[in-house]
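**Q** Now for the letters of each chain:
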Amino acid sequence: MTAEIGHFALILALLVGVVQATLPIYGAHHGIRPWMAVARPAALVQLALVATAFGSLMHLYITSDFSVLNVVNNSHTAKPLLYKISGVWGNHEGSLLLWVLILALFGSAVALFGNNLPPALRARALSVQAMIAVGFYLFMLLTSNPFQRIMPPPANGNDLNPLLQDPGLAFHPPMLYLGYVGFSMAFSFAIAALIEGRVDAAWARWVRPWTLAAWCFLTAGITLGSWWAYYELGWGGWWYWDPVENASFMPWLAGTALLHSSTVVEKRDTLKGWTILLAIVTFSVSLLGTFLVRSGVLTSVHAFATDPARGIFILALLVIVIGGSLTLFAVRGPALVSTGLFQPISREGALLLNNLVMVTAAAAVLLGTLYPLLLDAIGGDKVSVGPPFFNAVFVPLMVPMIVAMAVGPLLAWKRADLAPAMSRLWMAALAALAVMALAWAMFTGGPLIGVAGVGLAAWLFVGTLVELASRVRLFRDPLSDSVGRLKRTPRAAWGMTLAHLGLAVAVAGMAAAGAWKTESIQAMKPGDAVTVGGYVFTFDGARAGRGPNYQLVAGTFRVSRNGKPVVTLMPEKRLYDVGQRPTTEAAIHTTFWGDIYAVIGEPEGDSGAYVTRLYFNPLVAWMWTGVLIMVAGGVLSLSDRRHRVGAPARRGAAVAQAARA
Amino acid sequence: MPTRAIYLLPLAVFLVMAAYFALGLTKDPKIIPSALIDKPVPTFKLPPIAGGKGDGFSSDDLKGDVTVVNVFASWCIPCRAEHPLVTELSEMKIARVYGLNYKDKPADALRWLKAFGDSYYATGADLDGRVGIDWGVYGVPETFIIDRSGKIRHKQVGPMTPDSLKNQIVPIIKELKK
Chain A
1 MTAEIGHFAL ILALLVGVVQ ATLPIYGAHH GIRPWMAVAR PAALVQLALV ATAFGSLMHL
61 YITSDFSVLN VVNNSHTAKP LLYKISGVWG NHEGSLLLWV LILALFGSAV ALFGNNLPPA
121 LRARALSVQA MIAVGFYLFM LLTSNPFQRI MPPPANGNDL NPLLQDPGLA FHPPMLYLGY
181 VGFSMAFSFA IAALIEGRVD AAWARWVRPW TLAAWCFLTA GITLGSWWAY YELGWGGWWY
241 WDPVENASFM PWLAGTALLH SSTVVEKRDT LKGWTILLAI VTFSVSLLGT FLVRSGVLTS
301 VHAFATDPAR GIFILALLVI VIGGSLTLFA VRGPALVSTG LFQPISREGA LLLNNLVMVT
361 AAAAVLLGTL YPLLLDAIGG DKVSVGPPFF NAVFVPLMVP MIVAMAVGPL LAWKRADLAP
421 AMSRLWMAAL AALAVMALAW AMFTGGPLIG VAGVGLAAWL FVGTLVELAS RVRLFRDPLS
481 DSVGRLKRTP RAAWGMTLAH LGLAVAVAGM AAAGAWKTES IQAMKPGDAV TVGGYVFTFD
541 GARAGRGPNY QLVAGTFRVS RNGKPVVTLM PEKRLYDVGQ RPTTEAAIHT TFWGDIYAVI
601 GEPEGDSGAY VTRLYFNPLV AWMWTGVLIM VAGGVLSLSD RRHRVGAPAR RGAAVAQAAR
661 A
Chain B
1001 MPTRAIYLLP LAVFLVMAAY FALGLTKDPK IIPSALIDKP VPTFKLPPIA GGKGDGFSSD
1061 DLKGDVTVVN VFASWCIPCR AEHPLVTELS EMKIARVYGL NYKDKPADAL RWLKAFGDSY
1121 YATGADLDGR VGIDWGVYGV PETFIIDRSG KIRHKQVGPM TPDSLKNQIV PIIKELKK
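Protein sequences, first through last, are from chains A and B.
Note that our numbering numbers the first sequence so that position 176 is 176, with each residue one more than the last.
So our numbering is basically just the index in the second sequence, starting at one, shifted up by 1000.
In isolation and in its complexed conformation, chain A is listed as follows (with noise of 0.2 Å):
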């Protein structure tokens, strides 16, 4: 019964959504007030009814109602209840669902907080959002159907993938997918700008927040995947240019161009083709990046379907949503005029030079993720795939523009003096140096990139931290003066301080992380020592046991530092009783200079002895908080004032009204 509603309520949410995306567009078009008004019901309907649906789901699985496919393919009755729950989102169908409900969530936030957005406006955007909608409803209830039944019913499930029973990994898929489907909003504007031709400042500022959103539940997404990856497949490294993390990476890249792009439509009025152009990439490589996962284009560790058929519809999908926006653009980009002119050395010219690296990042990573797939069909010669090609691209694409990040928000709007901008950059100049100074002396001989990587997070860190001195004219002028402009500071800029702060902190981490972990991989017997980036690991032996619905092998490591005990590890080696998969927990002991990492593997015949491998990870626990100090810069810029009040979104509104009339 619960799964016929769940159906009938997806059913519905399709008949809705097809409603939404044609009135309320049509209305516009034609001045039909009550056409468009209908937008806003039907978002909230449509809310309803998907989360209806998703709810059904999860009840089959709490309850374990093995009559349904997907919960037989996915569940068992011996699993933690957490992962009852996680498993809903776990797997091909539940991830789809999780998708539109999400998607759903953001129209009715639409409906329900657009209050100061031009009704048709915001008509027009719940309409391209239906449109959206109505092609993952058909996709799911033609080809992906979660309530499928099955008879007769199994006695118990296959359960979840081990590997993804683990508390990081059941808020990993909702919060990228947050990210992901929070970018269509952005998308959506950008269609209904196109369409009524205009954008401007108000326009800006109406995406924004949307954007910044988006941003940051990808950001963290990404990181609890990264963070994931790191325990628990035991290889000690955090980012593995897997093309499902590249799925995940594209968006983010884009989306990062596109926050900064919008700021200049909104202070400068300029940039307009190529904002709505970011917006609507930003969003084709979400939608690209379920593709890939799920197509069976491209296979990874974790994809989670291969289905021709399926690859064929949401091929479709992607070449109407995708080639539909950019014939468009095409037709009615050249319409959006932009006003503001700029010099290349300029606050504007700083922007675009991110954008541009931002892009061609994205680029790389698209044609490194795709490129088996491109070789294959072209029959062409080799080239590099794989992390050496990644790192060959990106290193000297992020090398500049960090560097040029600190510079960037000294500069004037419009037209600036690089000089005068650099001159006030010498302390960070200094502290890049000394750092690297410090690095190179600690590491002699290692490698370059890790010298160079935490100078560049100090260049950029102490340059972050000098724009907000001059910006309050520390020093210059009387102390009192400067708190006062600190306090008055918007939290957008304040925002924009704190994410490039954490950015130079994540930088450190991950070149310290990349280049100066120690590892050591060796059999052990119990009582034997061995010495990993200055701590020593004593192996006390390895015992069996057992946890809910898996059996395990915990081995025991006493950490000492120069005498001094620090800590005892215990990392295991599980197996899964159905499906008789082995997953590896790591374990991890953090501390301020790095991370001390053990894991346990196969035992070596019958001596007691186990192969082990010891990890020194330096500055890893930078990497998470610097990640968390970019989302909590991009959470401040999303109270600022302007996004919450919306007087002076309505205000700006008016002039604009006013100018056109």
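Since the hints were made in silico from the structure, they are not lab data.
Treat each hint with caution, since some may be false.
Straight-line alpha carbon distances no greater than 30 Å define the calculated DSS-like cross-link-like pairs of lysine-lysine that follow [claimed, not checked]: (1) K1045(B) <-> K1178(B); (2) K1178(B) <-> K1039(B); (3) K525(A) <-> K1105(B); (4) K487(A) <-> K414(A); (5) K1178(B) <-> K1063(B); (6) K1114(B) <-> K525(A); (7) K1103(B) <-> K525(A); (8) K1063(B) <-> K1039(B); (9) K1063(B) <-> K1151(B); (10) K1114(B) <-> K1063(B); (11) K1053(B) <-> K525(A); (12) K1114(B) <-> K1093(B).
All of these numbers come straight from a predicted model, not from anything done at the bench.
Following the hints, position chain B against chain A.
**A** Frame of chain A, contents of chain B only:
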């Protein structure tokens, strides 16, 4: 008008991509493409693993007889599972098996070979993965079979299994030796 053309560019790029996707969908996703099949091995010369035995190997060594190149690394977990089969293949003495040590630390690699056995005819260290790039190494382990003329004739992506050894690798080598 040139400006208009710029606005058309994104659409054009996307359509080309979509065409590639459509082509990609027609292929079996399980078969990882290899553009190198039936092509001569890329020219290379690898030094031995620092501190280890032998003189490394180069593309010249892969000519004249049927050979096997097994890409391995100490950090690669599936390689451990596969290694007994590599040893088994070496001991059959039907083809020389070369070990391409991919992006590994020499000390780790030597310890690994000591722990799990070194039956390779010769090993070469590809420290920075450059030779691996030329070979189109996508994931470790990978195993290539090279014919007498130095052309790559088969590529196994991922670990060999007892089944793939018995039913693919060995028959292919025997066929090529005829």
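**Q** Checking one constraint from the list: CA of K1063(B) to CA of K1151(B), max 30 Å. Satisfied?
**A** holds, 8 Å
**Q** Do the alpha carbons of K525(A) and K1105(B) lie within 30 Å of each other, as the hint requires?
**A** Satisfied, since the Cα-Cα distance of roughly 23 Å is no more than 30 Å.
**Q** Do the alpha carbons of K1114(B) and K1063(B) lie within 30 Å of each other, as the hint requires?
**A** holds, 28 Å
**Q** Checking one constraint from the list: CA of K1178(B) to CA of K1063(B), max 30 Å. Satisfied?
**A** Status holds; Cα separation ~16 Å.
**Q** Would the pair K1053(B) and K525(A) pass a check requiring their Cα atoms to be no farther apart than 30 Å?
**A** holds, 27 Å
**Q** Given the hint that K1045(B) pairs with K1178(B), does the C-alpha gap stay at or below 30 Å?
**A** holds, 28 Å
**Q** Quickly compare the C-alpha distance for K1178(B) and K1039(B) to 30 Å and report which way the hint goes.
**A** The hint holds at about 20 Å.
**Q** Going straight from one Cα to the other, do K1114(B) and K525(A) come out at no more than 30 Å?
**A** holds, 16 Å
**Q** Do the alpha carbons of K1063(B) and K1039(B) lie within 30 Å of each other, as the hint requires?
**A** Holds - the C-alpha atoms of K1039(B) and K1063(B) are around 13 Å apart, at most 30 Å.
**Q** Are the Cα positions of K1103(B) and K525(A) separated by 30 Å at most?
**A** Distance ~28 Å between K1103(B) and K525(A) Cα, so the pair holds.
**Q** With a cut-off of 30 Å on the C-alpha distance, tell me whether K1114(B) and K1093(B) pass.
**A** holds, 21 Å
**Q** Next pair to validate is K487(A) with K414(A); report whether the Cα-Cα distance is within 30 Å.
**A** holds, 26 Å
Consistency with the previously given hints is maintained throughout, with no hint failing.
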